[in-house]
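Novice: Top line first, the protein sequences correspond to chains A and B. By my numbering, the letter at position 65 of the first sequence is numbered 65, and the numbering carries on one by one without gaps. By my numbering, the letter at position 458 of the second sequence is numbered 1458, and the numbering carries on one by one without gaps.
Keep in mind the hints are simulated off the structure, nothing from the lab. Mixed in with the good hints, there may be bad ones.
[Unchecked claim] Pairwise CB distance ranges (calculated):
#, chain 1, residue 1, chain 2, residue 2, range
1, A, His117, B, Pro1546, 32 to 42 Å
2, A, Arg105, B, Glu1575, 32 to 42 Å
3, A, His117, B, Ile1138, 47 to 57 Å
4, B, Gly1478, A, Trp63, 23 to 33 Å
5, B, Ile1244, A, Leu128, 44 to 54 Å
6, A, Arg110, B, Glu1519, 18 to 28 Å
Built from N, CA and C at the ideal position, the CB exists for glycine as well.
Residue strings, one per chain:
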Amino acid sequence: MILTREKSVAGYSSGFRSGMSMVVVTLAVLVLAAPAWSQEEKPVAPAETAVEVTQEADLPLLWMPEAISTYGDGVDWLFWLIFWITGIAFVVVEGLMLYFLIRYRHREGREKAHYTHGNNRLEVSWTLATVAILVFIGVIQLWGESGWLTIKDGYPEMGKGKETFVVRVYAEQFAWYFNYPGKDGKFGDQRHSEIEKGTNPVGLLKGSPGAKPPVVTDGTDDKVLSRLVVPEGVNVLLQLTSIGKYIYEPRSYTHPVLHSFFSPHLRLKQDLVPYHPNQLWFRVKPGNAGEKFEIVCAELCGEGHSGMRADFLVLDEAGLAKELGYDWRTAVPENFPDVVHYYQEEKEEE
Amino acid sequence: MSTETKENVGTEEHADHHEMGFWGKYVFSRDHKAIGMQFMMTALFMLFIGGGLALTLRMRLAAGESGEFMGMDMKQFGGETYNVLFSMHATVMIFFVIIPFLVGAFGNFVVPLHIGARDMAFPFLNGLSYWIMPLAGIVMFGGVLLEGVDAGLKSGAFASGGWTSYPPLSQIAGYGQTLWCVSLIIVGTSSIMGAVNYVTTIIKMRAPGMTFGRMSLTVWSVFVTAILVLFGTPVLTSVLIMLILDRHAGTTFFTNDGQPLLYQHLFWFYSHPAVYIMILPAMGMASDVISVFARKPIFGYKAMAAAMAGIAGLGFIVWGHHMFQSGMNPYLGTYFMIATMFIALPSAVKSFNWLGTLWRGNIHFTTPMLNALGFVSMFIIGGLSGIFMAATTVDLMIHDTYFIVAHIHYVLFGGSLFGVFAGITYWFPKMFGRMFSETLGKIHFILTFVAFNCTFFPMHVVGAAGLPRRYAAYIGDGASTTWAHLQPYQEFMTYSAIVLGLAQVLFLIAVIYSAIWGEKAGRNPWKANTLEWTLDSPPPHGNFHPDIPTVYRGPYEYNSDLVEEDYLPQDRNLETADAGSAGEVEGSSGEGTA
Chain A
1 MILTREKSVA GYSSGFRSGM SMVVVTLAVL VLAAPAWSQE EKPVAPAETA
51 VEVTQEADLP LLWMPEAIST YGDGVDWLFW LIFWITGIAF VVVEGLMLYF
101 LIRYRHREGR EKAHYTHGNN RLEVSWTLAT VAILVFIGVI QLWGESGWLT
151 IKDGYPEMGK GKETFVVRVY AEQFAWYFNY PGKDGKFGDQ RHSEIEKGTN
201 PVGLLKGSPG AKPPVVTDGT DDKVLSRLVV PEGVNVLLQL TSIGKYIYEP
251 RSYTHPVLHS FFSPHLRLKQ DLVPYHPNQL WFRVKPGNAG EKFEIVCAEL
301 CGEGHSGMRA DFLVLDEAGL AKELGYDWRT AVPENFPDVV HYYQEEKEEE
Chain B
1001 MSTETKENVG TEEHADHHEM GFWGKYVFSR DHKAIGMQFM MTALFMLFIG
1051 GGLALTLRMR LAAGESGEFM GMDMKQFGGE TYNVLFSMHA TVMIFFVIIP
1101 FLVGAFGNFV VPLHIGARDM AFPFLNGLSY WIMPLAGIVM FGGVLLEGVD
1151 AGLKSGAFAS GGWTSYPPLS QIAGYGQTLW CVSLIIVGTS SIMGAVNYVT
1201 TIIKMRAPGM TFGRMSLTVW SVFVTAILVL FGTPVLTSVL IMLILDRHAG
1251 TTFFTNDGQP LLYQHLFWFY SHPAVYIMIL PAMGMASDVI SVFARKPIFG
1301 YKAMAAAMAG IAGLGFIVWG HHMFQSGMNP YLGTYFMIAT MFIALPSAVK
1351 SFNWLGTLWR GNIHFTTPML NALGFVSMFI IGGLSGIFMA ATTVDLMIHD
1401 TYFIVAHIHY VLFGGSLFGV FAGITYWFPK MFGRMFSETL GKIHFILTFV
1451 AFNCTFFPMH VVGAAGLPRR YAAYIGDGAS TTWAHLQPYQ EFMTYSAIVL
1501 GLAQVLFLIA VIYSAIWGEK AGRNPWKANT LEWTLDSPPP HGNFHPDIPT
1551 VYRGPYEYNS DLVEEDYLPQ DRNLETADAG SAGEVEGSSG EGTA
């Protein structure tokens, strides 16, 4: 029917209605069939962990995975709010369009089209209505428990000392390293020049103060893991930076490039910029201890980008102590550790 | 007096026929129509290169753990090769397909015809802007031409840092990255040459009576686009030069003492307006096509033109919304979010106005109209999904995921490319003197529309689940486990993409078939109002002979009460030849030049 050709004003045909309905039906079938389709394959997760992880995180078939951070549900709420606002706009606009296409299609003997150049009052009102909705969507992103500024700039408000679990996150091509402060509660200083594959992957300075190069904070007791372990119900502060080092013998080198710390379950994403460390915070909702999630890289970082992942475990206090080898609550920094501008320090050495 | 100055003084000599050989007429032509068609054919050719790259990477993603897809070994397309695939796909599609199609092909072919000019203001510059494009292509693929594909992949002859090429990754990439920068500098230069031409032509060479308020929306869109190019492209050129210097001259703009984010700021300062460069002409063409086939004046002409100008203005102050998670100060992100919300407004206004144009029309479902309607409906989805990303908090989840991929393809494929199809099929009679095959055109539209939605709509779903983009694999050794269950979607999208690709082969067949065996087109097969339809198909060199027509009204007077027919060409004088018309022309053209 699409191919029929009725000669009219300029040799057009009018098989659009049936064509459109075909499209709509196809899309509807697609959307309905999608869940069934995606149920075919269940995820197979490798379970190699030092700490007993009882349970894999639930994997929903569609849309967002379960939110485990305190602000995650709020982020989802904002998503669904926009979803419904834009969804209604979509249905109204596309619906009207389809209606007009069918109602005002050309037929033999149809009266002339309505001659109009527009309607100022109508145009002004839909413009103002759109502005109001858009500004509303924008403004509600900002404040509140799940507001943009709370998530990205909320860490100074989190409370200090014993309330905060601090982790330094180092990303290289193509691996994540998570540095925990160790028994002394202080992070060791870091230099790209100290990076040794295997023994000192993030380049912590080890030795007593006064050694050469000068060691300000000893990193010997620091714990560096390839996976992120955090307690539940406690504020976690991440200090993130990108690292890399040329190693000439055997020849292998990584470069400090952009990476992005992404945890879909936390609803959290932050690029790691070489030489410009930044901070993030989150708090895992109680009830998630023992679950295993994933940290991935979300900013193109080179050929191994898609394999740049790390396990992310939420543990109870006992599990965390076992994993870290010390009780983090007895070894918390007295003050918030400052973010170090690594490059500038290296320069001072020269 | 003012009417006199509007005559095409500069090109009069050019318009005079001098015998041109084959080379002068078809290859190194200075005729805007020939140049426009050269751009079109080049872009059409590159469309298949870009599409081939896209299909390869989609098949790689569908292959999953076995590494096999439809009997082909896709393992070889992992890692760096995969990065090359998507980087070159995006680069080719953006810089060698969409922009040449919209700005190069339609800007060139349509603008002088629509405003009643004999040619562009600077015909030689116009030809040059086309002829440095192949040079850009040779530079882009230079390493491959010298080394071959396999060796080229090993030695880094291709750019692999994505079309955004963020440093520091792009600083340490192989020499293909330098070729990429040089190539884009050349493309940018071509764009600037074109833009200078469009702005000059539109301001100085309109026919008598063709005021700004009587220009078609296609011309308006090219005008606004050209201004965007003039302001934006030099910034891109600068940032590419800085990147080259960082790579080869030891400067540190973007690393060490410098700031990697500086590149992103400068890059998006061009590239955000560039996404409007890639959609505005499609909006203009769709407006023209919809008005013609709804047989109705465009609803809210002034609002449509103002919306385009608004997009151009706001387009320069929203670039930071690409950088919400980049480490930029979150308070700056707040500003960019609010500004971005405002730029959604002109797009919304345009969509409403397209609806208003359809309302109480007399709608003819020709191939161009179907494609224009496809443009509008897909652009609405692309526009609405943009609001998710503009919202900083929601962007935490969907930034750098397939949601973005879905959005950009709904705008650039569903939007721009449907606009291009509408444009090609609408002006095909004028370009080739033959009608575009309605049968093939409609089959192509339906196939493309369905396959397009099946390919890209699921990307919203997997994107909202957090599926990161630019991954060579989501399943198998060393891959993340969070999204392994989405693999069936990958397969579905890939099969759809293959159908989508085949549909474009059909389009190519339809173009060739129609150009040779198509039904002969008269002067005005669509019964449209704009000036090109008063000319022979195809129009002669110099377009308007012997005189430039005088324009009496806007381009959208369909179903006016003044005449019997349902259309009223812009140059038809309803009063007797002399009485009154001169005064009208004088007055209005004075307004136009003011």
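Novice: Enumerate the violated hints, using their earlier numbering and listing them in ascending order.
Specialist: none
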